[in-house]
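J.: Sequence:
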Amino acid sequence: MKVYTKTGDKGTTALFGGTRVPKDHIRIDSYGTVDELNSYIGLIRDQEIDTHYKTILIEIQDRLFTVGAILATPQEKEVLKNGKLRLENLGIIDSDIELLENEIDKMDESLPPMTHFVLPGGHPTVSHCHIARCICRRAERLAVHLSHNEHVPEIAIMYLNRLSDYLFVLARKLSFDLKAEEVKWIPRK
1 MKVYTKTGDK GTTALFGGTR VPKDHIRIDS YGTVDELNSY IGLIRDQEID
51 THYKTILIEI QDRLFTVGAI LATPQEKEVL KNGKLRLENL GIIDSDIELL
101 ENEIDKMDES LPPMTHFVLP GGHPTVSHCH IARCICRRAE RLAVHLSHNE
151 HVPEIAIMYL NRLSDYLFVL ARKLSFDLKA EEVKWIPRK
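Heads up: the sequence shown is residues 1 to 189, going by the numbering used here.
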């Protein structure tokens, strides 16, 4: 299989199911941002961090491929002509969100309570987490925007929302683990 097909040379691309849309379509922007997030999470995983975090990040990357597939499939193409679901055996389920929540709760147990907003930074690995969190929030905003006009399963948006929370807490936990300075934001008086 060749990497290049030349079918997108005129500024269109195919969604799952074959529907062609402009490359700047909100659906493309939405799943493209999820792909960007997935790549950035790979960068976090490549850092010198505990293997438990790496295992969870691989699971998250797998789920993000699923979110991308969901966002790349228009509602009218969700069911194949033979009646089977196009994304059969793919999907985000409650336990995917519960995993993130459980991981957040475990990390939170060892962290001091938050009393201020924190400024991103303190260590390159922590900064990567904050950038991934921002990309995740953008992906969530785009998925919500898409949902105003086209079907987007609510659970995919919920997953992105919880993932951004996970990435924030992971940044705090890695600051703690790496003994990095966590700078608190203090508003001017």
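A portion of the hints provided could be inaccurate.
Said to hold, decoys possible - Heads up, simulated DSS-like pairs for lysine-lysine below, C-alpha to C-alpha not over 30 Å straight-line:
id: 1; residue 1: Lys106; residue 2: Lys2
id: 2; residue 1: Lys10; residue 2: Lys106
id: 3; residue 1: Lys23; residue 2: Lys2
id: 4; residue 1: Lys2; residue 2: Lys84
id: 5; residue 1: Lys10; residue 2: Lys23
id: 6; residue 1: Lys106; residue 2: Lys23
id: 7; residue 1: Lys54; residue 2: Lys189
id: 8; residue 1: Lys106; residue 2: Lys84
id: 9; residue 1: Lys54; residue 2: Lys10
id: 10; residue 1: Lys54; residue 2: Lys179
If you're looking for bench data, these hints aren't it; they were derived computationally from the structure.
J.: Indicate, hint by hint, whether the structure satisfies it.
T.: Right, here's what the structure says about each hint:
1. At roughly 45 Å between alpha-carbon atoms, Lys106 and Lys2 are farther apart than 30 Å, so this suggested pair is violated.
2. Restraint check for Lys10 and Lys106: the C-alpha separation of about 49 Å exceeds 30 Å, so the hint is violated.
3. A hinted pair counts as satisfied when its Cα atoms are at most 30 Å apart, and Lys23 with Lys2 qualifies at roughly 20 Å.
4. A distance of roughly 28 Å separates the Cα atoms of Lys2 and Lys84; the hinted pair therefore holds under the 30 Å criterion.
5. Straight-line distance between C-alpha atoms of Lys10 and Lys23 comes to about 9 Å, which keeps the hinted pair within the 30 Å bound.
6. The straight-line distance between the Cα atoms of Lys106 and Lys23 is roughly 41 Å, outside the 30 Å bound, and the hint therefore fails.
7. This hinted pair does not check out: Lys54 and Lys189 have alpha carbons roughly 41 Å apart, beyond 30 Å.
8. Among the hinted pairs, Lys106 with Lys84 is inconsistent with the structure: their alpha-carbon atoms are about 39 Å apart, more than 30 Å.
9. For the given pair, Lys54 sits about 39 Å from Lys10 by alpha-carbon distance, which is inconsistent with the 30 Å threshold.
10. For the hint linking Lys54 to Lys179, the alpha-carbon distance of about 19 Å falls within 30 Å, and the restraint holds.
Violated hints, in rising order: 1, 2, 6, 7, 8 and 9; the structure is consistent with all others.
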